[in-house]
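Enquirer: Sequence:
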Amino acid sequence: MRLHFLSSSSASSPLCRRFLLHPNPPASLRFLAMSAAASSSSSRQVRGAAVPVPSLSADETGAVADEAFQRHTSPSLRRGGAGVAVVWFRNDLRVLDNEALVRAWAASEAVLPVFCVDPRVFQGSTHYFGFPKTGALRAQFLIECLGDLKYNLKKKGLDLLVRTGKPEEILPSIAKAVSAHTVYAQKETCSEELLVECLVSKGLEQIQITQGGTSGQKKSPNPKLQLIWGATMYHIDDLPFTVNNLPDVYTQFRKAVESKSSVRNCSKLPPSLGPPPSSGLDEIGGWGAIPTLESLGLSVTKSEKGMHFKGGENAALGRIHEYFWKTDQLKVYKETRNGMLGPDYSTKFSPWLASGSLSPRYIFEEVKRYEKQRVANDSTYWVLFELIWRDYFRFLSAKYGNSIFHLGGPRKVVSKWSQDQALFESWRDGRTGYPLIDANMRELSATGFISNRGRQIVCSFLVRDMGIDWRMGAEWFETCLLDYDPSSNYGNWTYGAGVGNDPREDRYFSIPKQAKTYDPEGEYVSYWLPELRSLAKERRNFPGASYIRQIVPLKFDGGNQKKDQQFNQQRRPNNMYRRR
1 MRLHFLSSSS
11 ASSPLCRRFL
21 LHPNPPASLR
31 FLAMSAAASS
41 SSSRQVRGAA
51 VPVPSLSADE
61 TGAVADEAFQ
71 RHTSPSLRRG
81 GAGVAVVWFR
91 NDLRVLDNEA
101 LVRAWAASEA
111 VLPVFCVDPR
121 VFQGSTHYFG
131 FPKTGALRAQ
141 FLIECLGDLK
151 YNLKKKGLDL
161 LVRTGKPEEI
171 LPSIAKAVSA
181 HTVYAQKETC
191 SEELLVECLV
201 SKGLEQIQIT
211 QGGTSGQKKS
221 PNPKLQLIWG
231 ATMYHIDDLP
241 FTVNNLPDVY
251 TQFRKAVESK
261 SSVRNCSKLP
271 PSLGPPPSSG
281 LDEIGGWGAI
291 PTLESLGLSV
301 TKSEKGMHFK
311 GGENAALGRI
321 HEYFWKTDQL
331 KVYKETRNGM
341 LGPDYSTKFS
351 PWLASGSLSP
361 RYIFEEVKRY
371 EKQRVANDST
381 YWVLFELIWR
391 DYFRFLSAKY
401 GNSIFHLGGP
411 RKVVSKWSQD
421 QALFESWRDG
431 RTGYPLIDAN
441 MRELSATGFI
451 SNRGRQIVCS
461 FLVRDMGIDW
471 RMGAEWFETC
481 LLDYDPSSNY
491 GNWTYGAGVG
501 NDPREDRYFS
511 IPKQAKTYDP
521 EGEYVSYWLP
531 ELRSLAKERR
541 NFPGASYIRQ
551 IVPLKFDGGN
561 QKKDQQFNQQ
571 RRPNNMYRRR
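So the sequence shown is residues 1 to 580, counted in full-length UniProt numbering.
One thing to keep in mind: the hints can contain errors.
[Unchecked claim] Between beta-carbon pairs, the in silico distance windows are:
(1) 431 - 408: 26 to 34 Å
(2) 335 - 431: 49 to 57 Å
(3) 374 - 57: 17 to 25 Å
(4) 220 - 75: 48 to 56 Å
(5) 229 - 63: 30 to 38 Å
(6) 76 - 52: 52 to 60 Å
(7) 293 - 520: 33 to 41 Å
(8) 408 - 220: 23 to 31 Å
(9) 262 - 220: 32 to 40 Å
(10) 538 - 262: 47 to 55 Å
(11) 75 - 431: 54 to 62 Å
(12) 63 - 304: 28 to 36 Å
[As the list claims (entries may be wrong)] Within a straight-line C-alpha distance of at most 20 Å, the following computed SDA-like cross-link-like pairs (lysine to any residue) qualify:
(13) 187 - 431
(14) 187 - 255
(15) 268 - 81
(16) 154 - 103
(17) 268 - 368
(18) 305 - 226
(19) 156 - 266
(20) 555 - 418
(21) 412 - 305
(22) 368 - 154
(23) 334 - 305
(24) 155 - 187
(25) 255 - 364
(26) 224 - 198
(27) 334 - 289
(28) 334 - 366
(29) 155 - 99
(30) 187 - 289
(31) 412 - 555
(32) 176 - 82
(33) 176 - 255
(34) 156 - 290
(35) 156 - 249
(36) 166 - 220
(37) 516 - 467
(38) 154 - 289
(39) 166 - 224
(40) 166 - 197
Honestly, the hints are just simulated from the structure, not real lab data. The C-beta atom is built at its ideal place from N, Cα and C for all residues, glycine as well.
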């Protein structure tokens with residue numbers, strides 16, 4: 001099976017994880033990138049200039065999004081609420097199938113969407129090693145997501161209020177200014193996010209709202225924080241067991257939900273979500289502006305190679321249309337998913353899933369529509385299988401809490417790990433002397449993305465061959481990945497390091513075997529390491545003295561290790577797997 005990523009529960013105090021910064025720190029597997037497989041015959045190979053994902057024109061993307069919104073709009077919906085509701089957008093930067101948004105609309109007469117640019121997220125550091133918490137590439141992607149969210153909200157009669165600061169300080173003041181009765185938000189599972197939920201709730205308890213604004217009027221109840229589950233394909237309330245009784249083996253989880261649970265339909269939208277509040281906005285300074293990279297103290301040099309992901313809900317809907325309906329790649333996904341080069345070997349949905357610009361339930365509906373209109377096969381199933389993996393990591397993070405961030409993982413495995421800075425930096429910078437490792441790490445730095453196969457390979461090399469503390473790798477991925485989310489990232493790294501909840505997930509990836517299997521002609525490594533292009537194809541992954549010296553010997557270099565064979569014998573079970 002594959003490597004995937006995750007978060008906490010009974011073992012976790014919300015204060016425990018990534019907001020606690022060290023003054024002198026020692027120096028995103030499944031890696032879910034819903035990406036995957038090997039095929040150097042991808043229909044749009046990356047050759048020179050960066051390839052946009054999706055590659056649709058702005059007009060085509062807009063038309064696709066309009067059609068999707070039309071299919072999910074119901075004129076019969078009626079709202080029966082009163083007053084003002086605030087929607088606090090977090091990792092759910094979309095309008096389509098956003099239950100918190102629809103619930104807020106139904107329970108109010110006016111809705112105020114809010115996004116808080118939290119400096120702890122955009123300008124903070126990772127917990128143990130002090131890397132940038134959000135790298136410039138992901139920050140730029142999220143900025144684009146916010147711009148698209150604002151655009152789609154405006155089309156539905158609303159807007160997006162943007163403030164820089166801590167949500168627990170911003171939201172109570174906004175709720176008071178507009179006399180909101182409820183703040184709606186998507187429920188999270190990891191400790192930093194849980195801490196903020198707790199602080200926001202406490203802040204709202206301190207707010208007193210007087211209706212009418214004159215003395216003598218009765219006071220309304222304090223505004224409440226209403227948290228809505230919305231991050232997974234299977235709803236947490238529909239699982240055939242409680243989260244605390246979640247199976248520790250993925251296959252058991254998958255079989256249970258496939259046989260006993262159903263995926264809920266996407267929520268319908270009313271024709272208009274408006275109006276916004278008629279008063280109070282001037283008091284808090286108006287709608288505000290979406291930040292720029294410069295305002296966040298960041299800068300990025302746009303890569304001239306690899307893939308360039310466009311942020312936002314409309315781009316996400318465009319990518320589904322492109323991959324499923326326009327290029328018809330879905331029917332061969334299982335055969336191509338282990339590729340590493342080009343935009344079409346896998347779905348590439350993960351950056352939009354991580355930001356919440358794309359609903360996993362919408363993907364489910366589109367897969368089912370494709371199966372009905374075109375073909376149902378192992379490939380169409382395998383996309384859902386991957387989404388179940390993603391769900392699994394999200395639920396595991398709720399079960400195991402902060403242990404997924406600890407050195408010994410959920411099983412409290414005791415091992416000796418190195419934190420050798422020079423070795424780590426050679427891995428980070430793509431200077432290990434192993435072309436397959438170096439190419440993947442350079443792609444990660446340049447684009448914020450590498451394939452699922454690549455993530456497993458570089459993880460195995462760091463922890464198995466180098467013996468480096470797996471948390472250094474996990475935190476570097478936290479910095480770099482466009483598709484970073486804590487559940488998936490840390491869930492995958494604990495699996496890759498052999499400290500995950502399933503003791504059977506202890507895999508070694510032989511670099512020679514992986515290279516021969518997934519990059520047999522060296523197309524991938526020579527793309528990212530152009531100094532290898534002049535070598536014969538069979539030598540590009542094995543260049544000897546024609547490349548930099550190997551920084552460590554491989555633990556096993558025969559290329560046919562038993563554990564590697566076990567991993568690669570992953571066939572479609574008579575059941576299936578998926579992750580959030």
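Enquirer: Against this structure, judge whether each hint is valid.
Expert: Structure-based check of all given hints:
1. 431 - 408: 26 to 34 Å: holds (30 Å)
2. 335 - 431: 49 to 57 Å: 33 Å Cβ-Cβ, so the 49 to 57 Å window is violated.
3. 374 - 57: 17 to 25 Å: holds (24 Å)
4. 220 - 75: 48 to 56 Å: For residue 75 against residue 220, whose Cβ atoms are near 32 Å apart, the range 48 to 56 Å is violated.
5. 229 - 63: 30 to 38 Å: Holds: the Cβ-Cβ distance is about 32 Å, inside 30 to 38 Å.
6. 76 - 52: 52 to 60 Å: Since residue 76 and residue 52 have Cβ atoms about 38 Å apart, the given range 52 to 60 Å is violated.
7. 293 - 520: 33 to 41 Å: holds (39 Å)
8. 408 - 220: 23 to 31 Å: violated (49 Å)
9. 262 - 220: 32 to 40 Å: Roughly 39 Å apart at Cβ, these two residues keep to the hinted range, so it holds.
10. 538 - 262: 47 to 55 Å: Hint holds: Cβ distance 50 Å, inside 47 to 55 Å.
11. 75 - 431: 54 to 62 Å: holds (59 Å)
12. 63 - 304: 28 to 36 Å: Since the Cβ atoms of residue 63 and residue 304 sit about 29 Å apart, the hinted range of 28 to 36 Å holds.
13. 187 - 431: violated (40 Å)
14. 187 - 255: Roughly 25 Å between the alpha carbons, so the hint for residue 187 and residue 255 is violated.
15. 268 - 81: Answer holds: residue 268 to residue 81 is near 17 Å, not above 20 Å.
16. 154 - 103: Status holds; Cα separation ~18 Å.
17. 268 - 368: holds (18 Å)
18. 305 - 226: violated (44 Å)
19. 156 - 266: The hint holds at about 17 Å.
20. 555 - 418: holds (15 Å)
21. 412 - 305: violated (41 Å)
22. 368 - 154: Not satisfied, since the Cα-Cα distance of roughly 30 Å exceeds 20 Å.
23. 334 - 305: violated (26 Å)
24. 155 - 187: violated (26 Å)
25. 255 - 364: This hinted pair holds, its Cα atoms lying about 17 Å apart.
26. 224 - 198: holds (12 Å)
27. 334 - 289: violated (42 Å)
28. 334 - 366: holds (17 Å)
29. 155 - 99: Judged against 20 Å, a Cα distance of about 18 Å means the pair holds.
30. 187 - 289: violated (25 Å)
31. 412 - 555: violated (24 Å)
32. 176 - 82: Status holds; Cα separation ~16 Å.
33. 176 - 255: violated (47 Å)
34. 156 - 290: holds (19 Å)
35. 156 - 249: With a Cα-Cα distance of about 43 Å, the restraint between residue 156 and residue 249 is violated, given a limit of 20 Å.
36. 166 - 220: violated (25 Å)
37. 516 - 467: Violated: residue 516 and residue 467 sit about 24 Å apart, past 20 Å.
38. 154 - 289: holds (14 Å)
39. 166 - 224: Measuring from Cα to Cα gives roughly 18 Å; hence the hint holds.
40. 166 - 197: Status holds; Cα separation ~11 Å.
Violated hints, listed in ascending order, are 2, 4, 6, 8, 13, 14, 18, 21, 22, 23, 24, 27, 30, 31, 33, 35, 36 and 37; each of the other numbered hints is respected by the structure.
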